[in-house]
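Undergrad: Sequence:
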Amino acid sequence: MTQIPIPPRYVRVAVTQFEPIWLDLSVCEWSKTGLIPRMLDSRISIMDMVAIPPVLDFKFSLMMDKYSRTLSVDFDLSIVYIKDSLRIDSPETGCICAAAKEGNVAVVLGFSENWNHSLYISQAIIDHEGIIKLKRRKLKATHMERTVFGEASGSSLTNVVELAGIGRVGTLACLEHALPLLKYHSYCQRKSIHVSQWPPIWEYSGGPDLWYMSRDGSRTLSQAYAIESQSFVLHTTAVLSQDGIDRKNTSNGLVMNMPGGGTSAIFGPDGRKLSEDLPDTVEGFLYADLDLDEILKSRSFLNVCGHYSRPDLLTISVNDMERVLANSA
Numbered sequence: 001m002t003q004i005p006i007p008p009r010y011v012r013v014a015v016t017q018f019e020p021i022w023l024d025l026s027v028c029e030w031s032k033t034g035l036i037p038r039m040l041d042s043r044i045s046i047m048d049m050v051a052i053p054p055v056l057d058f059k060f061s062l063m064m065d066k067y068s069r070t071l072s073v074d075f076d077l078s079i080v081y082i083k084d085s086l087r088i089d090s091p092e093t094g095c096i097c098a099a100a101k102e103g104n105v106a107v108v109l110g111f112s113e114n115w116n117h118s119l120y121i122s123q124a125i126i127d128h129e130g131i132i133k134l135k136r137r138k139l140k141a142t143h144m145e146r147t148v149f150g151e152a153s154g155s156s157l158t159n160v161v162e163l164a165g166i167g168r169v170g171t172l173a174c175l176e177h178a179l180p181l182l183k184y185h186s187y188c189q190r191k192s193i194h195v196s197q198w199p200p201i202w203e204y205s206g207g208p209d210l211w212y213m214s215r216d217g218s219r220t221l222s223q224a225y226a227i228e229s230q231s232f233v234l235h236t237t238a239v240l241s242q243d244g245i246d247r248k249n250t251s252n253g254l255v256m257n258m259p260g261g262g263t264s265a266i267f268g269p270d271g272r273k274l275s276e277d278l279p280d281t282v283e284g285f286l287y288a289d290l291d292l293d294e295i296l297k298s299r300s301f302l303n304v305c306g307h308y309s310r311p312d313l314l315t316i317s318v319n320d321m322e323r324v325l326a327n328s329a
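According to the UniProt record's numbering, numbering within the sequence shown proceeds without interruption in unit steps and concludes at 329.
Treat the hints with care, as some may be off.
With a cut-off of at most 30 Å between alpha-carbon atoms, the simulated DSSO-like pairs for lysine-lysine come out as follows [what the hints assert, rightly or not]:
hint, residue 1, residue 2
1, Lys183, Lys135
2, Lys140, Lys273
3, Lys83, Lys140
4, Lys183, Lys273
5, Lys297, Lys273
6, Lys297, Lys133
By construction, these hints were calculated from the structure, which means they are not laboratory data.
Construct the complete structure from the given sequences, taking the supplied hints into account.
TA: In structure tokens, the structure reads:
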């Protein structure tokens with residue numbers, strides 16, 4: 001078993017609560033005028049970004065069609081969305097990396113990935129030198145997401161990477177935080193900071209919607225992740241504006257029909273919330289100075305991948321082989 005490096009004592013983090021850029025891949029212009037420049041003066045060590053380009057756009061437009069009981073498929077919108085999804089080797093990705101390097105900040109980014117005209121819910125961790133240290137995909141798209149997005153292969157089980165001056169940082173998407181085996185495999189990668197990425201999430205209505213997809217439900221999953229992993233969790237959500245509703249044509253849907261959805265938060269390794277909430281319709285940053293010694297405090301009592309485990313009784317089996325379509329003889 002590999003010994004993890006000793007992390008720094010303190011790390012400053014920023015968590016975003018911003019609306020995605022709907023159906024617009026003008027990332028280079030965005031990186032010059034939008035979120036990244038607003039972070040440059042903050043002198044933060046790591047940030048979480050979910051706004052370019054949004055993985056949260058088309059999948060929820062399709063879901064709204066279902067919720068609104070109109071079962072049509074908008075092929076024109078499909079074409080636009082594929083074109084406006086980010087290619088990992090594109091100039092747009094290069095602009096994001098360049099902005100991270102210029103600002104001397106690390107970035108954890110959620111995006112819709114265009115890989116040879118197939119789409120995947122993807123995440124990238126970029127270091128302060130603008131180098132992509134990790135790129136993974138959501139293992140399995142959730143419910144109606146499966147009409148748009150493909151599934152990951154074994155390499156995406158690696159979701160934690162060492163960042164210089166920060167420590168071990170990992171990330172998962174949305175309801176991956178409800179998968180016990182995936183979470184435990186993630187815990188075994190020994191992270192200090194975890195980024196939990198979510199779409200806009202509203203208060204539970206008391207109706208037929210699912211509580212675990214509400215503001216309190218999603219936060220509960222992230223909070224439990226912090227306790228179980230004994231790591232800091234940056235819970236980041238998007239925001240939906242009236243302009244976004246109009247562009248997505250969801251005003252008559254059962255969900256995504258009102259502005260709001262912001263519920264970003266920061267949780268400590270014992271589960272306590274360390275941040276003050278922003279209003280759910282307001283874009284902004286949450287900041288915190290993390291004392292990584294708090295991780296040691298929590299793990300001295302509960303370390304689910306160490307002294308509080310029983311590998312002689314319970315283990316998980318992992319197949320991290322990357323599947324390919326064609327193998328050469």
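Undergrad: Next, verify each hint and record whether it holds.
TA: Tested hints:
1. Lys183 with Lys135: The hint holds at about 18 Å.
2. Lys140 with Lys273: Since the Cα atoms of Lys140 and Lys273 sit roughly 29 Å apart, the hinted pair holds (cutoff 30 Å).
3. Lys83 with Lys140: Since the Cα atoms of Lys83 and Lys140 sit roughly 22 Å apart, the hinted pair holds (cutoff 30 Å).
4. Lys183 with Lys273: holds (20 Å)
5. Lys297 with Lys273: holds (16 Å)
6. Lys297 with Lys133: holds (29 Å)
In summary, the structure agrees with every hint in the numbered list given earlier.
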